[in-house]
Amino acid sequence: MVTGGETEVGIHACDACLRRTHLLTILSPFLDRVRDRYGRPDDLLSLSDDALLAGLGGSHRRRLEEAMEGCDPTRCRDRIRAAGQRATCRHAGSYPSVLLDLAAPPAVVHVAGAARVAADDGVVAIVGARRASAYATEVARGLGRGLSAAGVTVVSGMAMGVDAAAHEGALARGGRTVAVLGGGADVPYPASKRALHERIRRAGAVVSELPPGFTARRWCFPVRNRLIAALAAVVVVVEGGERSGSLITARLARELGRDVAAVPGHVTAASATGPNGLLFDGAHVIRGPQDVLDLLFGAGARRASPDRDPSSLEPRLERLLASVTAGNDTLALLAAGGCETQDALTGLAELELEGFLVRGPGGVYAPTA
Amino acid sequence: MLPSVPTVLTRIATFALYALEPQRVWVEVDIRAGLPSFAVVGLGDKAVRESRERVHAALLNSGFDFPMKRITANLAPAHLRKAGPSYDLALAVGILAASGQLDPDLLAPYAVFGELGLGGRLRPCRGVLAVAEGARRWGPPGLLVARAQVREASLVEGVDVVGVDTLRESVEVLSGERRAPEPPPEPPAALAPPEDSPDLADVRGHALPRRALEITAAGGHNLLMQGPPGTGKTMLARRLPSILPPLTDEEAIVVTRIRSVAGLHIGRGLARERPFRSPHHTISASGLVGGGSLPAPGEATLAHLGVLFLDELSEFTRPSLEALRQPLEDGCVIVVRGQHVAVFPTRVMLVASTNPCACGFAGAGEGRCRCSETEVARHRRRLSGPLLDRIDLLVDVQRPSSGELAAARAEGSTAVRERVLAARERQAVRLKGLGSDCNGQMEACVVRATVHPDRAARQALVDAYDGGRLSARGHHRVLRVAQTIADLDDQPIVTRPHVLQALSLRGYEAGERLAA
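Chains as they are written, first to last, in numbering that gives the first Met the number 0: chain A, 0 to 368; chain B, 0 to 515.
If you are wondering where the hints come from, they were derived from the structure by calculation, not from laboratory data.
Possibly wrong hints are sitting among the right ones.
According to the in silico footprint, chain B covers these stretches of chain A (three or more CB under 8 Å from chain B) [stated by the list, open to error]:
(1) 177-187
(2) 322-332
Cβ-Cβ distance ranges computed for the label pairs, FRET-style [claimed, not checked]:
(3) B/Gly432 <-> A/Ala325: 22 to 32 Å
(4) A/Asp342 <-> B/Ala405: 17 to 27 Å
(5) A/Gly287 <-> B/Pro245: 54 to 64 Å
(6) A/Ala325 <-> B/Tyr464: 27 to 37 Å
(7) A/Asp120 <-> B/Thr373: 28 to 38 Å
(8) A/Gly336 <-> B/Ala421: 28 to 38 Å
(9) B/Gln458 <-> A/Asp120: 31 to 41 Å
(10) A/His283 <-> B/Tyr464: 36 to 46 Å
Note that CB positions come from ideal geometry on N, CA and C, so glycine has one too.
Kindly produce the complete structure, drawing on both the sequences and the hints.
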């Protein structure tokens, strides 16, 4: 019989921590109410199990206690194993030590995917708005690409917009990326990012504080954000309004002593007030992957490698690439510049296949630097 | 023992139209003593019932008598529904013969077809070409129609078509007192596109859509153009018929018949230009593919052998687009209504246009689009689905720059059409006996059997597939388009540049759908 702890390969979680995780799942509706009224459910998590039950359960306390008695840690482990996940609790040696910086470290960290969650070689969180502009997603994708190519792990929350773009960028170059989810690590949220979830699980890792199969609720997201902040050495905010979740992540990161950085946006854009405000308050300015690398490893210690070397191209493709980079980024503009339509079509497809260009909405080609 | 009452029974031939097919109808008129009445039986619709009033007035106003007796007219076969005013002339002539004002034996050599005005004038009715085909098939040898429709009816050989203006003239022709003049001969078919049709020479800039239109025309593909409002998507689509091969004689008859049945072709000869139909996006599913209790052709059939243009594709209702899928695949639509099975041909080239997002400005320069990623994705989802699977080319249409607008006249439709014709000939030779006559219609098995990319071209496809830019289904579409590009280049095998061009013409959409 398993009594507690590290007797099994892959699941290093003691009974108490598994119970604690179970408690959070049954307190879910009450935590939602706290989030809706006070906004910061993560503060509550430093309370003991009993205090949580007493404070949140109220008149439901008896029922909840009975529910807790039905919690069998062995079955919890079975379920984690059945979902193909690893798990480690804060008492285990394999627990990511960076999470212990938190006031309330997650009792158990569930991991789907083979990659190590806390790599030695630098971890950067890229967070931002879900309703992101094309500019923001392109910057996030570029950061993801550049950082992953330089051996840095990109952490984000797999949300629409900036988060997903950062993951996609990292997957395109080496795939060093970790998604921290609000619900179970096997439950893609948002559901439309199912394909992305699967790719991250294969190439990197998907992490959650909550057990497999648990569907995220409102309280989970601020709670999840504290994991993103703790895992990363640098948190980069790409876009977001004044009340955005990425600002919560940035604040938590600052409280934990992590570096906070931001990508400047239009000063007139409501969607950029978040990062612009952070910059005004002294956050680091990020113009590209190199700025993040300088922040992580010291100025000039590591160079962001260019994605591909254009000088390896045939002269006609190199000229075409130069023309696109110079702003002739649609076929119409290239044709107006004297390029034969058929040659342009052939060359653009070639450059796309080689990974020098990506085609965006409206048939606009952008260099992948 | 029945009383013996003197009666006169007469019958005259006319035709009904079911879907696109003619059906011979006998109009029998029986006049006997009794209270004056006039009944028309034989499943007529409201127009047929109202016919009684028109016939009554037309007879009197033409100087004939209207018998004040009990008149019964039957449209046989009585189980078929009859619709429309085209039975007027047959009813009037039948009454004249039954009442002794015209010798009933004179009715045999002619079928009559047309609507009567109250003054006795004969009005054109839709579907005369089909009616003339019915006369050739089942007789009688002569056909009497409104004079404006003689040219159309005469397209059918072997039918003695006579045009008349009034009821009185009809009676004169039937009784042999008068012979209508021969119709003017059909002018020879012009190979050049009609001069008033829009020409590609008017298009400034738009290098990418121009190329896409040429490939679309050459291979009979389907095309989707995506771009902000006002960039010229509709203008470009309207020019596609001008670079398509001209209709063959057989095709021209088919097109004329469809137009005629739909009432779009009154008073004209053979339709020489390929149809271009652009239904509004509020159209219903049956409006698009055909339907109704008496099945009528839909827009897809009206565009048969031509171009069906769906502007603002994302605004069409889901049911309409779903309804269009099967007809696009099969080249025909089958409408089943009670005892009738109507088959409408729908071999069209589909050209569609859409805005890239709800506001229309996604990708059109910084800051113009007001839509979030979710909204753009939702807009895309409306488009995706089975219909998009039938579309081979997806191009973005951008606003031409001021420099392009000021540029000299571009290449005209005639030059492009020559290349298209040459490419089509190559396809016809290669695809002979394989069930398709252009690359756009090739089934997957035909693609495998006839399209032979060289090694470098295959490598480009593999790279695109592995890079997630191509789905398994997209694979065949790229090959079809690459084959058309090779045909335009007059090259026997598909090489790497052909495949690369085809990949470029697949647009952003394709990759986006894979990721979703």
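Hints, one by one, checked against the model:
no.	hint	result
1	177-187	violated (count 0)
2	322-332	holds (count 4)
3	B/Gly432 <-> A/Ala325: 22 to 32 Å	violated (52 Å)
4	A/Asp342 <-> B/Ala405: 17 to 27 Å	holds (24 Å)
5	A/Gly287 <-> B/Pro245: 54 to 64 Å	holds (57 Å)
6	A/Ala325 <-> B/Tyr464: 27 to 37 Å	holds (31 Å)
7	A/Asp120 <-> B/Thr373: 28 to 38 Å	holds (34 Å)
8	A/Gly336 <-> B/Ala421: 28 to 38 Å	holds (30 Å)
9	B/Gln458 <-> A/Asp120: 31 to 41 Å	holds (35 Å)
10	A/His283 <-> B/Tyr464: 36 to 46 Å	holds (41 Å)
Of the hints listed earlier, those the structure fails to meet are numbers 1 and 3, in rising order.
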